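Student: Next come the chains, spelled out residue by residue.
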Amino acid sequence: MSTTIAVVGASLAGLSAARALRDQSYDGRIVVIGDEVHAPYDRPPLSKEFLAGTASRQDIALGAPDDEDLQLEWRLGTTAVGLDSLGRSVRLADGSAVRADGVVLATGARARRLPGGDGLDGVHVLRSLDDAIALREDLAVAERLVVIGAGFIGAEVAATARTLGLDVTVVETQPVPLAGPLGADLGAVCAQLHADHGTRLLVGTGVAGLVGTGRVEAVELTDGTRLPADVVVVGIGAAPNTEWLTHSGVALGNGVLTDARGATTVPGVVAVGDCAATWSVAAGRHVRTEHWTNALEQPATATAALLGAGGPAPTPVPYFWSDQYGARIQFAGSRREGDVVRLVEGSFADRSFLVAYERDGHPVAVLGMNQPRLFTRWRRQLRSAVPTAS
Amino acid sequence: MIPVCPTTALPPGEAIRVEGDEPIAVFNVDGEFYAIDDTCTHQDASLADGWLDGCAVECPLHASCFDLRTGKVSGPPAKTPVRTHRVVVADGVVHVQPGVAAEGAA
Chain Y
1 MSTTIAVVGA
11 SLAGLSAARA
21 LRDQSYDGRI
31 VVIGDEVHAP
41 YDRPPLSKEF
51 LAGTASRQDI
61 ALGAPDDEDL
71 QLEWRLGTTA
81 VGLDSLGRSV
91 RLADGSAVRA
101 DGVVLATGAR
111 ARRLPGGDGL
121 DGVHVLRSLD
131 DAIALREDLA
141 VAERLVVIGA
151 GFIGAEVAAT
161 ARTLGLDVTV
171 VETQPVPLAG
181 PLGADLGAVC
191 AQLHADHGTR
201 LLVGTGVAGL
211 VGTGRVEAVE
221 LTDGTRLPAD
231 VVVVGIGAAP
241 NTEWLTHSGV
251 ALGNGVLTDA
261 RGATTVPGVV
271 AVGDCAATWS
281 VAAGRHVRTE
291 HWTNALEQPA
301 TATAALLGAG
311 GPAPTPVPYF
321 WSDQYGARIQ
331 FAGSRREGDV
341 VRLVEGSFAD
351 RSFLVAYERD
361 GHPVAVLGMN
371 QPRLFTRWRR
381 QLRSAVPTAS
Chain W
1 MIPVCPTTAL
11 PPGEAIRVEG
21 DEPIAVFNVD
31 GEFYAIDDTC
41 THQDASLADG
51 WLDGCAVECP
61 LHASCFDLRT
71 GKVSGPPAKT
81 PVRTHRVVVA
91 DGVVHVQPGV
101 AAEGAA
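Respectively, the protein sequence lines represent chains Y and W.
Residues 1 to 390, numbered by UniProt numbering, are exactly what the first sequence covers, in order.
Residues 1 to 106, numbered by UniProt numbering, are exactly what the second sequence covers, in order.
Next comes chain W alone, as it looks inside the complex:
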């Protein structure tokens, strides 16, 4: 598991990018944390920079939408889903488990 940040550093409506070979974006939606691949499957853009609308994030460049819960595309032009990653909150710190799909995700 990778520690990301204290929960207090990621308030609702905000996102943070976890750098790495395959960067991960972690979002806070009304107190629930979600993690997906940070790079849009349409073109090179950071989804952590995107527009959060409910459980969907819109790519900051070309408006592709992804469901944070499943990683599925909910709006074009992207056609390929992003991976989800499991998020664990322990001792007030947000962690991600890269490569482990979030529960309920496809």
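Bound conformation, chain Y alone:
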């Protein structure tokens, strides 16, 4: 009798899981459930080329010509509302259910919104294709953009809006943008790109509220300053989509808790991508990773575990990139406070450099700006330096 695996989530992690199952010779039925109506697409361009209008929907589709061979059963535009762990079925918003012998949870994360920020036109978050289309339409007729949050999404939106000719202000609560992922010193270096390109960056400033009736007119800061705005983008992070699993028996924390290979606390159910808080041997705790590369690579390990294949948990070297104002920023490894930063190549002033983060004299992470070749060498070196957990 044929078996069924349900993949809940139809973005990069879900699609990668489906592809991995076929790679691993699973020949049963695969049902892919996605709450968006769109076929899988690539999210990184949403804040860059797609927002700028230089990439089309076709350009950012993740589907490949070979995908028909995967024989996937798509249930798009369908939200999963519950998981019945005992009966192994995924309940859907339309009242139907998908019975499955195995379940891959890949429901991702959603953009955090500003409390009280809903209900005003011109206020956006950016996570989905529909978000990007709505923002693009608004930016086309706007003059002044205020971005709340100077993280990677905020910085990329600001950069794109500058190329579209808008007047852009970025507001950041922390004294230094990107200090979390990059450390304060390098966060400050990367944030200089804003000033280079005529974007105002206000740091150490909270947002008191949004001003306007019907449509947003200004952002009011905690110091009383009012920043006039035709459009506001809120880029203050993301939260995992796990509420639908509350009564499923699957253990939840900051995401779906899994072991190092992606297995949840319920047999036959694995979790991958942005919704998963995966046990990290190196960190000694569950870590939820929102990086594109993680969503691409992690599913193969989890689907192997789901299919009962052995093998040690991999010890990936985290990797992410950001493209802002034409600068290519790449980071790999795991940085901690106290790591020593060493300039390996180039100079900050030239906006072309590579730095290594060192701990006990050994490199543990690397950051490059406009240094793809050297960065790749260092990234490879980091990967080979990581001991495998077995």
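FYI, nobody ran anything at the bench for these hints, they're computed from the structure.
Computed from a predicted structure; not experimentally measured.
A portion of the hints provided could be inaccurate.
[Said to hold, decoys possible] Taking beta-carbon pairs under 8 Å as the criterion, some of the chain W residues facing chain Y (in silico): (1) Gly50; (2) Trp51; (3) Ala63; (4) Lys79; (5) Gly99.
All C-beta atoms, glycine included, are put in the ideal place defined by N, C-alpha and C.
Take the given structure of chain Y and dock chain W to it, following the hints.
Tutor: Chain W only, in chain Y's frame:
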């Protein structure tokens, strides 16, 4: 045929870019040489700068993967394959034949 470099200048795990209107990347995978278009089909990036993992190269920017033997995409976000080019080693020198697909490639 375009001479690229002596085989000794391209050790295993390394890649070199052959400049031109359509630059070509030549790789050494454990003593076997492969040549493909250097420019990633996803966005402007040099695959010779990429990450070599077995017979796959990962684009240095956005992680698209290509099979060096066939030019086919083995990992997103790229969807379009790169062309392969025939490599000939003669008298200890690596040559490429631009526009002539490698044997066994689609």
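Student: Now tell me if each hint is right for this structure.
Tutor: A quick look at each hint next to the structure:
Checking Gly50/W against chain Y: minimum C-beta separation of about 6 Å stays under 8 Å; hint holds. At its closest, the beta carbon of Trp51/W sits 5 Å from a beta carbon of chain Y; the interface hint therefore holds under the 8 Å criterion. For Ala63/W, the suggested interface contact is upheld, since its CB lies about 6 Å from the closest CB of chain Y, less than 8 Å. Below 8 Å, beta-carbon pairs count as interface contacts, and Lys79/W has one with chain Y at about 5 Å; its hint therefore holds.
The criterion of a C-beta within 8 Å of any C-beta in chain Y is not met by Gly99/W, whose closest approach is roughly 23 Å, and the hint is violated.
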